[in-house]
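S.K.: Below, each chain spelled out in residue letters.
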Amino acid sequence: MAFIKIAELGKAYQTIGREPIEAIADISLEISEGEFITIVGPSGCGKSTLLKILGGLLRKSRGEVLVRGEPVDGPRRDIGMVFQNSVLLPWRTVFKNVMLPVEVLGLEPRQYITRARELLEMVGLSEFHDKYPRELSGGMQQRVSIARALIHDPSVLLMDEPFGALDAMTREHMNLELQRIWTESRKTILFITHSIPEAVFLGDRVVVLSERPAQVVEILEVKLPRPRDLDMLATEAFGGYAHRVRVRFRIKRGWE
Amino acid sequence: MTSPKLSLGERILANVHYILIVAVFVLFVGSWELSLYLLSIPEYLIPTPRQTVVALVRGFMRGVYWWNTWVTLIESVLGFLIGSGAGLALGTLLAQFRILERVFYPYLVAFQTLPKIALAPLLILWFGFGMSSKVAIAAMVAFFPVLVNMFVGLQSADRDQVDLVRSLSGTRWQIFVKIQFPSSLPFLFAGLDVALVFSILGAIVGEFIGATHGLGALIMQLNLTLDIAGVFSVLVILAVMGVGAHVAMQAIQRRVTFWAKTETFTSL
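Here the protein sequences line up with chains U and Z, keeping their order.
Just so we're aligned: the first sequence equals residues 1 to 256 in the numbering used here.
Just so we're aligned: the second sequence equals residues 1001 to 1268 in the numbering used here.
If we strip away everything but chain U, and leave its shape as in the complex, we get:
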C-alpha cells in the first residue's frame, strides 16, 4: 500500500457570481515512505493548491487523498510545512520559532528543547538561538523554517517552493543541505518548485504538471546516484533528465 495515495484529485474554487475556477483537473500519484518527490509546473498551475490540500488547509472537490490509508480531511499532526517565504514570526527568537509547533500541538516543551537544539545544529544555526529573524539572511531564515517543520518529527514534509526567493548560489547550497537533511531524517518529502534543475537534482521522481487546471503530464524517475553533488549538474545524464522535463513542458504549452 502506498504511503501517500492521491487518486483522481480535483479542486475547483467557488467564486461568487462567476463560474468556478478549476485549479486541479485530475492528479493521481502514489508515494512510498521516505521518497523524495519533486513537483514542477508552470506558475499558477495549482501546485500550491495541491500542497495545501495535502496539508489539510484546503478541502478537495473530488477524488481521494490518503496518508497511511487514512483520508486527509483536515490538518494532520504528522505533517510539517515549509512555505515559500520562511514565515518566521518576527517577535520570536529563532529558538522560539522552532518551538512553535510544539506549543500549538500541545506537546511538553521540556521534552523538545534538546531536539530543537539538535535541529538548529543540523541546519548549521546553533549560534543563532537567541537572534531574531530580521538578524538572519534569507537562506538562514529558510533553514530555521526547515528546523521548525521537523521539530515535532512529522513523517511527511511539504515544501512549497522553499528556495524560490533565494539567490542562485544560496539556492544550490540549500539544495545540498536539504538532501543531507533528508538523508539523515528519512522523511517523505513533497517539494514544489518551478526550477527544472532543482527538481531533477533533488527528486527520486519528478512529477511534471500541466498549466491550470493541473494534470499530471509525466512522472519521471531520476536514477542518478546519491548523494548527488553540484558537479553532477554538468553531467550528460543530468542534462538528459532536465531536457526531458523541459520537453514535456513545451509540448503542453503547444510550442512544438
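It should be emphasised that the hints constitute simulated quantities derived from the structure, not laboratory data.
Here the structure is a predicted model, which means the values were calculated and not measured.
Ideal placement from N, C-alpha and C gives every residue a C-beta, glycine not left out.
Treat the hints with care, as some may be off.
Cross-link-like lysine to aspartate or glutamate pairs, in silico, EDC-like; alpha carbons within 20 Å at most [to be verified]:
no., chain 1, residue 1, chain 2, residue 2
1, U, Lys96, Z, Asp1160
2, U, Lys5, U, Glu64
3, U, Lys187, U, Glu8
4, U, Lys96, Z, Asp1158
5, Z, Lys1261, U, Glu35
6, U, Lys5, U, Glu70
7, Z, Lys1261, Z, Asp1158
8, Z, Lys1261, U, Glu64
9, U, Lys187, U, Asp167
10, U, Lys187, U, Glu33
11, U, Lys187, U, Asp26
Anything over 12 Å on all C-beta distances counts as not near chain U; from chain Z, calculated [claimed, not checked]:
no., residue
12, Leu1008
13, Val1016
14, Pro1042
15, Arg1062
16, Leu1090
17, Phe1127
18, Ser1132
19, Leu1168
20, Ser1169
21, Ile1175
22, Val1177
23, Ile1179
24, Gly1210
25, Gly1242
Take the given structure of chain U and dock chain Z to it, following the hints.
M.R.: Here is chain Z on its own, set in the frame of chain U:
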C-alpha cells in the same frame, strides 16, 4: 548593542540634533520676547516668556495648578483606559466575527465621521459637572482610534503565518494569541498614541463646557479675568502633559514592538 567606542567629538556630532532642538527652543523664546517688544504688543494680549514663567511658578506655589493638573490628568487617563479598553475589545470582536463586522461597519463609519466632540455638551448634561462627564468625553474620543487600529491590525496578520498554525491543527484561539494579536501590536500602539492625546483634548473640552476644576476650567477663569500670562502658563502645562504622554507611549511601544519594521503605522 555593542558599538565601537566613539570619541567625544564623534559622540557630540551623533547627537547634534539634541543640541539643535534646544537651540530652536531658545531661538523661539528669544524671538517671542523680541517681537513683542518690537511690535509693541500689549501684555494683556500676549505676555512675555518671563511673565509666563512667573505665572507658572506662582500658580504651582499657590497649589492651584497642582490640583487642577491632577484633576485633568486623572480624567484623561481614566478616559483613555476606559475608551481604549472598549475600543480594543470591540475591535477584536469585529475582527473575529465576520457577521459582527458586516452588521456594525456602516454604523461605525457613520459615527466615525461625526465630530465626537460635538456630543460633549450632552455628556455634561447626562453625567453632571463633576469629573465623570470629562472621563466620559475622553473615553469617547479615545475609543475610535483604538477600535479602528485594533480591527485593522488583527486583519493585517500574515496569511501564511495563520496557515502555519492551522496546518498544525491550531485552534482559533491559538491563531489569535500566537499570530493575530502580536501582528496587531504596531497598529494598536499607533491607535493608543493618538487616543492618549485625544483623551487629554476631550477632558479639556469637557472642562471648557462645564466644570469647576481642571486645567480647562482654569483657562476659562483666567481668560475671564484677563490673566493672559496665566492662560499661557496653563498652555505650557498642557504641552508638557501631551509631550510626556506621547514620549511614554513611544517608550512602551519600542519595548513591545521592537521587532516591527520601522515604518510608521499612522493612525487611521
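S.K.: Now look at each hint and say whether the structure bears it out.
M.R.: Checked hints:
no., hint, in the structure
1, Lys96/U - Asp1160/Z, "18 Å, holds"
2, Lys5/U - Glu64/U, "8 Å, holds"
3, Lys187/U - Glu8/U, "25 Å, violated"
4, Lys96/U - Asp1158/Z, "18 Å, holds"
5, Lys1261/Z - Glu35/U, "40 Å, violated"
6, Lys5/U - Glu70/U, "10 Å, holds"
7, Lys1261/Z - Asp1158/Z, "14 Å, holds"
8, Lys1261/Z - Glu64/U, "43 Å, violated"
9, Lys187/U - Asp167/U, "26 Å, violated"
10, Lys187/U - Glu33/U, "8 Å, holds"
11, Lys187/U - Asp26/U, "26 Å, violated"
12, Leu1008, "30 Å, holds"
13, Val1016, "28 Å, holds"
14, Pro1042, "58 Å, holds"
15, Arg1062, "49 Å, holds"
16, Leu1090, "24 Å, holds"
17, Phe1127, "40 Å, holds"
18, Ser1132, "38 Å, holds"
19, Leu1168, "4 Å, violated"
20, Ser1169, "4 Å, violated"
21, Ile1175, "9 Å, violated"
22, Val1177, "10 Å, violated"
23, Ile1179, "7 Å, violated"
24, Gly1210, "46 Å, holds"
25, Gly1242, "29 Å, holds"
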